[in-house]
Amino acid sequence: MPTEDRSHTEPGRPDPEALLAAANKAGRGRLKVFLGMAPGVGKTYEMLRAARRRKAEGVDVLIGVVETHGRRETESLLRGMDVLPRKPIEHRGRAYLEFDIDAALARKPKVLLVDEYAHSNAPGSRHPKRWQDVEELLAAGIDVWTTLNVQHLESLVDVVLRITGVQQRETVPDSALSRADDIELVDITPDELRERMAAGKVYVPETARLAADNFFKVENLTALRELALRRAAQTVDDQLVAAMREKGVEGPWAAGERILVLVSGDPMSNTLVRAGRRLSDMMMDAPWTVAHVERTDRAPPPARWSARLREALKLAEQLGGLTVALNGHDIVATVMAYARRNNVTQIVIGKTVERNWRERLGRSLAAALLREARGAAIHVVTEAVRDTTDVPAVKREPFAWDNWKAYLTGAGFVAIATLAAWGLDTAFDRVDLGMIFLAAVLAAGVLHGLRPALAAATVAFLVYNYFFLAPRYSFQIGAPTDFLTLFVFWAVALATGGLAGRVRDQARGSQRRAAAVSTLLAAARTLSGASAREPVARALAEQVAAAAGARAIVLLSRDGELEPAAGAPSLEPLQAAPMAAARWAWEKGEAAGAGTSTLPHTAWTFWPMQGARGRIGVAGVEAGAMASGSDEERLVLGLLDQGATALERAELAAEAVETESLRRADRFRSALLSSISHDLRTPLSTVLGASSTLLSYGKAMDPDTRDDLLVSIGEEAERLNRYVGNLLDMTRLEGGALRLRTDWIDVRDVLAAAAERVSRRLGGRALTRDFPTDLTLVQADASLLEQVVVNILENAIAYSPPGAAIEMAAYEDRGNVVISIEDEGRGIPPAELERVFDKFQRLEEPTDRTQGVGLGLSIAKGFIDAMGGRIAAASPIHDGKGTRMLISLPKAMPTHHNLL
Amino acid sequence: MRPRILIVDDEPQIHRFLAPALTAAGYDPLRADDGASGLKGIAVWSPDAVVLDLGLPDMDGKAVLEQARAFYDGPIIILSARDREIEKIDSLDRGANDYVEKPFGVGELLARLRVALRQRQRFPGGETVIRAGGVEIDLERRLVRRDGEIVKVSPREYDLLSRLAQGHGKVLTHKELLVSVWGPAHVHDTQYLRVFIGQLRQKLETDPAHPKLILTEAGVGYRFYSP
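Read top to bottom, the protein sequences are chains U and F.
Count along the first sequence starting at 1, add 261, and that's the number in the numbering used here.
Count along the second sequence starting at 1, add 893, and that's the number in the numbering used here.
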């Protein structure tokens, strides 16, 4: 629930709120309202004429919906205009032709005409009210023109009822009119209107003819006309004020008036809210807040009251007021504390009829507030018509025989008191036996509350009177003071019983709150235990379903599309209508579905889940089990807050992982780039240089020099080829495109083939082989393993001096076939051993500059890992020199039968 | 008459250096730039050998190979990228004689061409003895000699060796060898091959760690040394 904090701005500075409002308006369509006092003044006609003019100017004007009511002049204006076809909506076997908002949004005209702003859409439409459609159209950047009669304005409903005696069903919140950028008043005199009506030019449904005659009285029309004129003028004022605020011009609006409206959920609540809005209008749009006090010491009010309270608060928001819930056990103190804290100058309260006795005692709320209020004006609004269908204000517990035990215990106390009194009476003289019975009443009151206490008091008095008061053994009352005894008994019963009852209610209340808190705590533990989105969603759905006592579902966005993620008791796909409500809640960040103003005919209610960084998802509860505004709902909303936090944390964790892998990919890419620029260019420059030298001076060179240059071209091209091969291998590894073709292979075979491939590059180094006669086969990819060995051999060549020995060996070791390749190079510093398999890791400059790219060992490791083997480096191996590379591959067990 | 070699490749650069190299080596180069004209060239010119690139713009090189094999039985040498073993095996199984990895040196291609053309000269000649290095295989008497001395080989070893030797340097895929020596049921039992090749090398190679007679084509198959 929003609480207010509208801070006063320093003079001369633009009001941040006004700037924000202006910013929100940017990109929105403009709203133009053709305002009239009553049907028949020609609003639609005027709107269409204006539309034709705009169309003639070349503006893209589309008629979304226009009610001509069969009037020929109006219909003729439709000719040649683009009219949007209406959309049929089925409801309870009847077809309604409604405005097609989706088609309008898809068509996206510059100006869209939507007649009758106050129209209620057929059930099953996206929004119950047309002004909500218009709101969506404006948000989509479409200029909307619409028509409105002043009697449909929410804040004027009471006034119109008083003037005309007609209750308006179709209403538009005042904020929907204040939002208008232009208001065009379509005005004719009441006499003219009556003439038009007499001429049959005003559409009136047949069924409403009688009511219409009442409505179209001159005095009614005059009053309505005044209302329309005032409202139009006021909107102009509002716009002026808004503009001044936006520009930071000091003005009369900061009158310092602040209005507080107190509502309780009684039948007057809506009237009070409207009164607050009117008061605010009169005070230059003074900020106004609607508050209700939640009594911490009382059981929650009956469902009907809280429903009405919610309605009133919603109305307040629609009318542009703020709402706040105050907590306290003393209404007056709580309200006055809030009023003083917020500089409230005007307090609006209501007075209902049945509080009269309190008033006579000087204990009415108004009286108490008047005593306390310093500097604030109190407006007391009285009830206009008594709503007889309503429940009385005092909450009655139904008399229940299931607490007969309480009465029985009360009787028991009285019986014990009787026995005690009889004993005392016989043992001692002149004992005040009344005290004994009083004790019984007291006990009944403390233990069982008001009614059992009263019953016990009555019984106690009767027994006391019968047995102990003169004349004894009769119910006759001897002395008038005996009546006093009866009253004292009752008084004690009232006091203790009432007190005990309140204590019990309080205890029950705190139990309920404690239960809610423990549910939330349990949920927090469960939710914080899960780390991925799906488990969090599942836990949340379960918690919500348990709290609401209904089916629950959690929807999360996946690639921008809202998808059901978890459900309790099970995840079932949503039907189209609930899914639409869920999407609405997701897109607009407002509750949707049953019990809300959007798609209220859906069987589910959906709430958006808001995290610190934005919307996380949507949670839905099947409607029915949980009353809106109940403790359960509050608990569910609390759970959703926690769920949103947990989901957000899970998302952040997932993002962190993704970021890390992105970061690594990025590092790889930049290393790749620098490697390409160096390792590709070096051989290319040799090739280019040597070939261009040969072209220019080849004829003048001796054959040896020429051959040397040609050889260098060949060598560099081969180096380039190896490098490209490495890059391809790396890409296959990185891109996950590596496909193994494992087969039975003889490692000796592979080593020999690899040795063959590098033989021309040995450059005087001796490559020795140490193979056993018998060697078990392994399952591996022969060509990948060959590439691995080639890469290791090339590395050994690159880092060892010419003439050094390189030794290849293969042997079996505990279930593995091991390949060992040793060189006599400088070796690898221990600190670097772990990093030699990293990509582009090159230890200083190789001795043979034509070799090595820094990818070879990394590829070797990648390939060996893929084959299920292991690769490791050991260095130094002897005399502080040399490196040994070990590859171990798991032995395969070939079957030898049937071989010969 | 100079043997005519048809080169089917869409890369003009390849033609640019292959044509003079082949001419210099005593061949008569012919040129086709895509699969369709390659097939036409094979049909019209009936060249002595074909060098076929697998990556052609208009059709798959393997399809060209398959269609050509319907009417042409001369040697076809495939040009293929290093990391495409499956393509190599596939081509060999579809009737290619040999392959050369791209990028390649002219020397390598010419060596393979010579081997392939020699196979053609011998085929289907009824030769009775194959000699390679110090090894002599007497096909009529099913005898193997090394440096003049008879080497004892099992019947399966002999079958495998003779099959390899009759290829005269042609790459024989694992599948080909397994099917012809062990039968179609053992087409995936490459471990048999590994074991038998290992045994043959022990018996025939001077240094089994440095095989010169039976050469491994990693992931593809084996070829028998041809001088």
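Source of the hints: derived by calculation from the structure; they are not laboratory data.
Any given hint might turn out to be false.
Stated by the list, open to error - Straight-line C-alpha distance at most 16 Å; calculated EDC-like pairs for lysine to aspartate or glutamate:
id : chain 1 : residue 1 : chain 2 : residue 2
1  : F       : K1096     : U       : E979
2  : U       : K1152     : U       : D1074
3  : F       : K955      : F       : D941
4  : F       : K1068     : U       : E456
5  : U       : K293      : U       : E396
6  : U       : K1142     : U       : D1074
7  : U       : K369      : U       : D321
8  : F       : K1105     : U       : E1017
9  : F       : K995      : F       : D1052
10 : F       : K995      : F       : E904
11 : F       : K995      : U       : E979
12 : F       : K1096     : F       : D1052
Hints, verified against the model:
Simply put, K1096 of chain F and E979 of chain U have alpha-carbon atoms about 36 Å apart, too far for the 16 Å limit, and the pair is violated. In summary, the hint linking K1152 of chain U to D1074 of chain U is supported, as the alpha carbons are separated by about 9 Å, within the 16 Å threshold. A C-alpha spacing of about 20 Å is found between K955 of chain F and D941 of chain F, which places the hinted pair above 16 Å, so the restraint is violated. Proximity of K1068 of chain F to E456 of chain U is assessed by CA-CA distance (about 104 Å); at most 16 Å being required, the pair is judged violated.
The straight-line distance between the Cα atoms of K293 of chain U and E396 of chain U is roughly 12 Å, inside the 16 Å bound, and the hint therefore holds. Taking the CA atoms of K1142 of chain U and D1074 of chain U, the gap is about 25 Å. The hint is violated against a cut of 16 Å. Of the supplied pair hints, the one linking K369 of chain U and D321 of chain U holds, its CA atoms being roughly 9 Å apart against a limit of 16 Å. Pair hint K1105 of chain F plus E1017 of chain U holds up; C-alpha atoms about 10 Å apart against a cutoff of 16 Å.
Under the criterion of a C-alpha separation no larger than 16 Å, the hint pairing K995 of chain F with D1052 of chain F is inconsistent with the structure, at around 33 Å. Note on K995 of chain F and E904 of chain F: the hinted pairing holds, with a Cα-Cα distance of about 12 Å set against a maximum of 16 Å. Straight-line distance between C-alpha atoms of K995 of chain F and E979 of chain U comes to about 11 Å, which keeps the hinted pair within the 16 Å bound. Among the hinted pairs, K1096 of chain F with D1052 of chain F is consistent with the structure: their alpha-carbon atoms are about 15 Å apart, no more than 16 Å.
In summary, the numbered hints that this structure violates are 1, 3, 4, 6 and 9.
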